[in-house]
Amino acid sequence: MLPFRIDFHSGEPVYEQVIYAAKKAILSGALAPGDRFPSVRSLSQELKINPNTAHKVVAALTTEGLLAVHPGVGTVVASGVSGSAEERAQVLVQDTERLVVEASRLGLSEEQLLNAVRKHWRKLNPSP
Amino acid sequence: MNAIECDALTRHFGKVRAVDRLTLQVPSGSVFALLGSNGAGKTTLLKLILNLLRPSSGQARVLGGNSANLRADTFQRIGYVAEDLIQPDWMELPAFLRYYRSLYRSWDPTLESHLRAKFALPEGVAVRRFSRGMRMKAILLTTLCFRPELLILDEPFSGLDPQVRDDLIEGILELMTASSPCTVVISSHDIAEIERMADWVGILANGRIVVAEPLTELQGRFRRIEVVGPEVRQRIPNPTPAEWVRTEATTPNLVQFIHTRFGDRTESELRSIFLGDRIQSSPLSLREIFLATSKLSPSVNGLPT
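Protein sequence lines, in the order shown, are assigned to chains A and B. Those letters in the first sequence? Residues 74 to 201, per the working numbering, in order. Those letters in the second sequence? Residues -7 to 297, per the working numbering, in order.
If you're looking for bench data, these hints aren't it; they were derived computationally from the structure. Every value quoted in this text rests on a predicted model; they were computed, and no experiment measured them. Glycine included, C-beta positions come from ideal geometry on N, C-alpha and C. Please note: incorrect hints may appear among the correct ones.
Claimed, not checked - Calculated lysine-lysine pairs in the DSS-like style (CA-CA distance at most 30 angstroms, straight line): (1) B:Lys39 - A:Lys121; (2) B:Lys7 - B:Lys39; (3) A:Lys129 - B:Lys110; (4) A:Lys121 - B:Lys110; (5) A:Lys97 - A:Lys121; (6) A:Lys196 - A:Lys97.
Stated by the list, open to error - So these bits of chain B aren't anywhere near chain A, every CB distance computed over 12 angstroms: (7) Asn58; (8) Pro86; (9) Trp99; (10) Glu115; (11) Gln211; (12) Pro229.
All chains should be modelled from the sequences, with the hints used to inform the complete structure.
Listed below in structure tokens is the structure:
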């Protein structure tokens, strides 16, 4: 079993969808520093993706400093990547874009969209 | 390095050109998805590559040699999975596998036991009594276990349930994870399934290649464009640019089309055509790209172009 779930949707490159899911897991803390990251082989087998793609995902996350390779142990989540607020917000970029596109398609104004977001936020985080 | 190279490959059946001056390169180590509607020439192309059919003209080169001269030693390196294979299917699985094991020098017993456990096939039943799904697993087993350098699969998933499909895909990916990965050519109508596996896509129409390129490039250049603005319909250029397909204006204020050459400059080009309108672009699934390419090929069935 993988430590993150992906509902693949058609259209976006598989590579970007896997990177996105992995980053979400790391920056949200679902995967903590020092946790084992799945191998290329298990990524490929579990997600039914091309191993070249799985390899590219691990390489890109390593280059970004989110993963560290420990010889003999494997690939683990790098220490100190709980993520700044800015980095964590970065994970939401795609969702935000989708929301803004849908809102403008429906003809909502910026203020109306922000109000809708605020209303939902308060529903989930009721002030004491 | 290319595992397969076709050069003006042609095959007639009577007056029909099933494969028509086809040129194609399949890079080594790729998972190459071959897409095309029924009758596009996929099976004929694969059979030409395997020397199961002779070309009328042109040639195919496979693993460095002319396909018309393929010999037994090259077939030690090529796996072929199709529905109409002739096999000793009166045998039960252990004898069946013993037979294939004896044919291939590179047979991998570790992979065999791994896949046998994964596929969970009955051992005491003749292979010809297998269900369709079990039968495909047995065929794949005899093919994957000698770790071919080139694996050719003709519609391996048709009519199979999702569980069997997943097992087959995992088996194929198993081969790809090896230290010396193989080249896989797979023709299929299950586009969503192979979208995750493939890194190259070839689209065949009327015996010719319409598209052959890396999947990520293809997904980058095909985008759905939506333009919204008052009377935007009036601003559609006449004639519409060649790289726009399926241009539609369902209402006077909405124009939709698929841009087939989307690039860095496209957005500013579109903005200069649709001044002041709202332009949105979104990615397409491989299935949608496949359907859009059917509009790219101007050739009419049966007529030479």
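Evaluation of the provided hints:
For the hint linking lysine 39 of chain B to lysine 121 of chain A, the alpha-carbon distance of about 27 angstroms falls within 30 angstroms, and the restraint holds. The suggested pairing of lysine 7 of chain B with lysine 39 of chain B holds, with an alpha-carbon distance near 19 angstroms, which does not exceed 30 angstroms. Only pairs whose Cα atoms come within 30 angstroms are accepted, and lysine 129 of chain A paired with lysine 110 of chain B is accepted, the gap being roughly 27 angstroms. The straight-line distance between the Cα atoms of lysine 121 of chain A and lysine 110 of chain B is roughly 15 angstroms, inside the 30 angstroms bound, and the hint therefore holds.
Distance check on the hinted pair: lysine 97 of chain A and lysine 121 of chain A sit about 20 angstroms apart at the alpha-carbon level, within 30 angstroms; holds. Of the pairs offered as hints, the one joining lysine 196 of chain A and lysine 97 of chain A holds, with about 23 angstroms between alpha carbons and a cut-off of 30 angstroms not exceeded. Every CB of chain A lies more than 12 angstroms from the CB of asparagine 58 of chain B, the least distance being 29 angstroms, so the non-interface label holds. The non-interface label for proline 86 of chain B is consistent with chain A: the shortest C-beta to C-beta separation is roughly 26 angstroms, beyond 12 angstroms.
Separation of tryptophan 99 of chain B from chain A is adequate, the least Cβ-Cβ distance of about 22 angstroms exceeding the 12 angstroms criterion. No beta-carbon of chain A comes within 12 angstroms of the beta-carbon of glutamate 115 of chain B; the shortest separation is about 25 angstroms. Once the 12 angstroms rule is applied to beta carbons, glutamine 211 of chain B is inconsistent with being away from chain A; the minimum gap is 5 angstroms. Residue-level check passed: proline 229 of chain B sits 24 angstroms from the nearest beta carbon of chain A, beyond 12 angstroms.
Comparing the model with each numbered hint stated earlier shows that hint 11 is the single one that does not hold.
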